[in-house]
Amino acid sequence: MAHLKDKYEYWDVDATPPGLEVLWKIVSPADLAKWQEAGGISGSELDRKDGFIHTSNGRMVREVAARFFKGVGDAVLLKMLPEEWPLAVIWSPDEPVGVLKRPVTGSVSVHWLPDGCAHVYHSDPLPLECVAETHPMPLGADGVHVFPEGMEDKPVDVTPGPEVHPAHGGPGPGGAGPGDGDAMET
1 MAHLKDKYEY WDVDATPPGL EVLWKIVSPA DLAKWQEAGG ISGSELDRKD
51 GFIHTSNGRM VREVAARFFK GVGDAVLLKM LPEEWPLAVI WSPDEPVGVL
101 KRPVTGSVSV HWLPDGCAHV YHSDPLPLEC VAETHPMPLG ADGVHVFPEG
151 MEDKPVDVTP GPEVHPAHGG PGPGGAGPGD GDAMET
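First residue of the sequence shown? That's 1 in UniProt numbering, and the numbers climb one at a time after it.
Each hint should be verified, as a subset may be incorrect.
Unchecked claim - Lysine to aspartate or glutamate pairs mimicking EDC-like chemistry, simulated, CA-CA at most 20 Å apart:
#, residue 1, residue 2
1, LYS154, GLU63
2, LYS101, ASP157
3, LYS101, GLU63
4, LYS79, GLU133
Hints were generated in silico from the structure; no laboratory data involved.
Small disclaimer: the values here were computed from a predicted structure and weren't measured.
Generate the whole structure from the sequences, applying the supplied hints.
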């Protein structure tokens, strides 16, 4: 079986994939209240069933809201910044197996998908300080959720191949890396 990491062989497990710098999680007020009382994010019923916490980037969270929270006017949107988490974050385009499915205390494994979904695996509830902001998700007059102003809507940058994404210090398309002449856009 081919692994996505072979397709994205340049990927550094310590580097946040471009487009996933901010993770969003839609929650019910009841779940949020339980987590605040318990002091940690244990996930929704679906998260616990699936064995990971469902999150997504700004582009995908809109689709998640439309698909799974249609008509729900009291949902809450959590903004999370993985680079600021008090945990070691291991990023992988492949679903974690073995110990990475239940990483040691103090770390998480994040299985990222090209569509903007990110599955957070953690052996303990995520610390509440992983949440940078909370936002209400009211329904607009058209029945569609209203999202916070300035919320990014960019795709995950998963340029495949043996090329290394310039943001990670290696050659990009054409083999040129930082400092190799032509400036490259990221």
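Here's how the hints hold up against the structure:
1. LYS154 to GLU63: holds, 13 Å
2. LYS101 to ASP157: violated, 24 Å
3. LYS101 to GLU63: Not OK: LYS101 and GLU63 at ~26 Å, beyond 20 Å, violated.
4. LYS79 to GLU133: holds, 5 Å
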